[in-house]
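Novice: Chain by chain, the residues run as shown.
There are 2 protein chains.
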Amino acid sequence: MGHVYNFSAGPAALPREVMQRAREEFLDVNGTGLAALEMSHRSKSFIAIAEQAEADLRELMNIPANYKVLFLQGGATMQFGMIPLNLLQGKNKADYFLTGHWSARAVDDARRLCEVNLAVDASDNGFTRLPPSGEWRLDGDAAYVHYTPNETIHGLEFHEIPETGGVPLVADMSSNILSRPVDVTRFGLIYAGAQKNIGPSGLTVVIVREDLLKGIPAGYPSMLDYALHAQAGSMYNTPPTLAWYLAGLVFDWLKRQGGVAAIEQVNIRKAAKLYEYIDGSGFYSNPVEKPYRSRMNVPFRIADESLHAKFVQEAEAAGLRNLEGHRAVGGMRASIYNAMPEEGVDALIEFMREFARRHG
Amino acid sequence: MGHVYNFSAGPAALPREVMQRAREEFLDVNGTGLAALEMSHRSKSFIAIAEQAEADLRELMNIPANYKVLFLQGGATMQFGMIPLNLLQGKNKADYFLTGHWSARAVDDARRLCEVNLAVDASDNGFTRLPPSGEWRLDGDAAYVHYTPNETIHGLEFHEIPETGGVPLVADMSSNILSRPVDVTRFGLIYAGAQKNIGPSGLTVVIVREDLLKGIPAGYPSMLDYALHAQAGSMYNTPPTLAWYLAGLVFDWLKRQGGVAAIEQVNIRKAAKLYEYIDGSGFYSNPVEKPYRSRMNVPFRIADESLHAKFVQEAEAAGLRNLEGHRAVGGMRASIYNAMPEEGVDALIEFMREFARRHG
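Protein chains in written order, with my numbering: chain X, -1 to 358; chain V, -1 to 358.
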């Protein structure tokens, strides 16, 4: 099989160098004689790995000391429930920005636990743009404001952090964490499923301001309580050690790329050339208005929809994998996270050009 | 570094052949050109892996068609909360067997959600034996009966399945699943954190009788609902794909060992020779009464406790790793799961004999 570029939205490819290193030390990490996955989570060997991963993430994101970093399980979907449980803190309502598929899922789970005020609702424009901040309907009495900075399926990204007037801001950064610098101090809580820009699925990173760790109401399982996880250094129960180790390799790799500011420049370049080709092609189209387009997930369509399946099939054969769009929206989608090299985007554009020539 | 035997209680060693195969195909599984960890969970390639793993587990445990097999996250600790939420079904009490550290943790979480009747309480004998069934105080009106067939820390194992008179039986088999045949039809629900006999940490297997899938009460996060996971084939959200794949390799390995009945014979032999040596040594001791001793986790002590640290240290140097007892009970502990070859137990006994000779 020739060179493969994997455009999966998640679980997504990890950087090639990380995969090579993980393979090399699969049976013996750091000369310990043990594989990462068979280390006791309480052993010195694993704790060294775990602490280094956290330190590297703190350095990469410039996370202040008054924020805890948690390595949990359950994906973003588990967070959809844990966030209201932990952050309502006696209040009964929260603000949500509805900007696509994933924020809608967050809203659904929040509604099980509290009143949801849709401060932003982009469903009426088909999730193709964000209303200007003057039109947001923030409720000053909300316990928190939740938004999804990058919508993985609809390809809509916030390029500025919302101003919430002191209400804690909560962000599902699953699909754009570490792709660009963010000012962590603007957030009460940031969470991310690992399987896009961090590592394999099964690990969830939560970055939470310490003063928000107040516990959960009586009558809920202990595993849902951030405070217990924070007190135990994310070892309230056995953490996903293999995924944590692999995340550490990714953080180390990212530091060696020059960190988040450096990778952002690559990400800007990759996204710009792909959108530029799509817009100028007269064959493909992307529905999102330019100021809100995602740098990570680029959905695109062909006017003749009958060509979609053919496109995906021929792309697969050419080593360009997982380009089918999410079943909720159809079409195609190229996810171009940190691990996607610029050559992968070039190869995709070249294939798209050739496909358009043959079918245009 | 010479040959290493890892006696960790979990995350524990996987079979050497599984580790070799996982390393060989780390970058390319089944000629797909993709690593297991970078496959979309909805891709044909991953679904084939996922379905094969489930089919193999069903075959190994002879799981009837009216049971669902779920591949979840959160470990046994997440189950401590999900079980009452899903199985109380309008009732307000459940029976629990308190037989050691882990059943105590299960009781703690259940008490957040319902009234707990301690049908068995072995704390008064220091968790060294089980009361005979005539002394159990089962409540016929309990929603379910929960027990821990093998106590990983105290080294206490049930060698018979409790009779509950029709009340659904729930078992935390984290540390003895697949180590011996069990009649699944005797259970309402079986669960196990993967990191002992199945795979890496971060995966939890739940086997549940279909008629018990009735959903959860309003006001709880959707991720806690078995019915949603079952309807979605364990893809209600992104599952821990790498761990699922590795579990599949372990199931395949176990089938090639002759299955659970065959590995049970090895496990009986391994445990018997270790206990026999301990009992006859006049130097080491195990506190559990013989009929209740665990085949998987063998705690042991030296009368002169000052030798414990020396034992662990010298054992480490000899390539016998992770023999320290759990901090809750001290002493030493050898976890000898399916993946521990008989030669590892022989090497441990030889080391113990030599250590006793020098320090006895």
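To be clear, the hints were calculated from the coordinates, so they are not data collected in a lab.
Glycine included, every Cβ here is placed at the ideal spot set by N, Cα and C.
A few of these clues could be false.
[Stated by the list, open to error] Each computed EDC-like pair below joins lysine to aspartate or glutamate, with the alpha-carbon atoms no more than 20 Å apart:
| no. | chain 1 | residue 1 | chain 2 | residue 2 |
| --- | --- | --- | --- | --- |
| 1 | V | Lys271 | V | Glu287 |
| 2 | V | Lys89 | V | Asp139 |
| 3 | V | Lys89 | V | Asp209 |
| 4 | X | Lys42 | V | Glu312 |
| 5 | V | Lys42 | X | Glu158 |
| 6 | V | Lys42 | X | Glu314 |
| 7 | X | Lys288 | X | Glu274 |
| 8 | V | Lys271 | V | Asp209 |
| 9 | V | Lys288 | V | Glu262 |
| 10 | X | Lys42 | V | Asp209 |
| 11 | X | Lys288 | X | Glu158 |
| 12 | X | Lys89 | X | Asp209 |
[To be verified] From the structure, some residues in chain V lie toward chain X, with a derived Cβ separation under 8 Å:
| no. | residue |
| --- | --- |
| 13 | Phe24 |
| 14 | Asn28 |
| 15 | Gly31 |
| 16 | His39 |
| 17 | Asp107 |
| 18 | Met221 |
| 19 | Gln229 |
| 20 | Ala230 |
| 21 | Gly231 |
| 22 | Met233 |
| 23 | Ala270 |
Novice: For every hint, state whether the structure bears it out.
Specialist: Verification of the supplied hints:
1. Lys271(V) with Glu287(V): It holds: about 16 Å lies between the C-alpha atoms, which stays within 20 Å.
2. Lys89(V) with Asp139(V): 8 Å, holds
3. Lys89(V) with Asp209(V): With a Cα-Cα distance of about 16 Å, the restraint between Lys89(V) and Asp209(V) holds, given a limit of 20 Å.
4. Lys42(X) with Glu312(V): 16 Å, holds
5. Lys42(V) with Glu158(X): 37 Å, violated
6. Lys42(V) with Glu314(X): 13 Å, holds
7. Lys288(X) with Glu274(X): 11 Å, holds
8. Lys271(V) with Asp209(V): The hint is violated at about 43 Å.
9. Lys288(V) with Glu262(V): Holds, at roughly 18 Å.
10. Lys42(X) with Asp209(V): 45 Å, violated
11. Lys288(X) with Glu158(X): 14 Å, holds
12. Lys89(X) with Asp209(X): Holds. Lys89(X) to Asp209(X) sits at ~16 Å (cutoff 20 Å).
13. Phe24: 4 Å, holds
14. Asn28: Interface hint status for Asn28(V): violated (11 Å vs cutoff 8 Å).
15. Gly31: 4 Å, holds
16. His39: 6 Å, holds
17. Asp107: 5 Å, holds
18. Met221: 5 Å, holds
19. Gln229: This hint is violated: Gln229(V) lies away from chain X, its Cβ roughly 14 Å from the closest one there, beyond 8 Å.
20. Ala230: Check failed: Cβ of Ala230(V) comes no nearer than 11 Å to chain X, outside 8 Å.
21. Gly231: Hint on Gly231(V): violated, closest Cβ of chain X at ~15 Å, above 8 Å.
22. Met233: Violated. Min distance 11 Å.
23. Ala270: At about 25 Å, which exceeds the 8 Å cut-off, the nearest Cβ of chain X leaves the hint on Ala270(V) violated.
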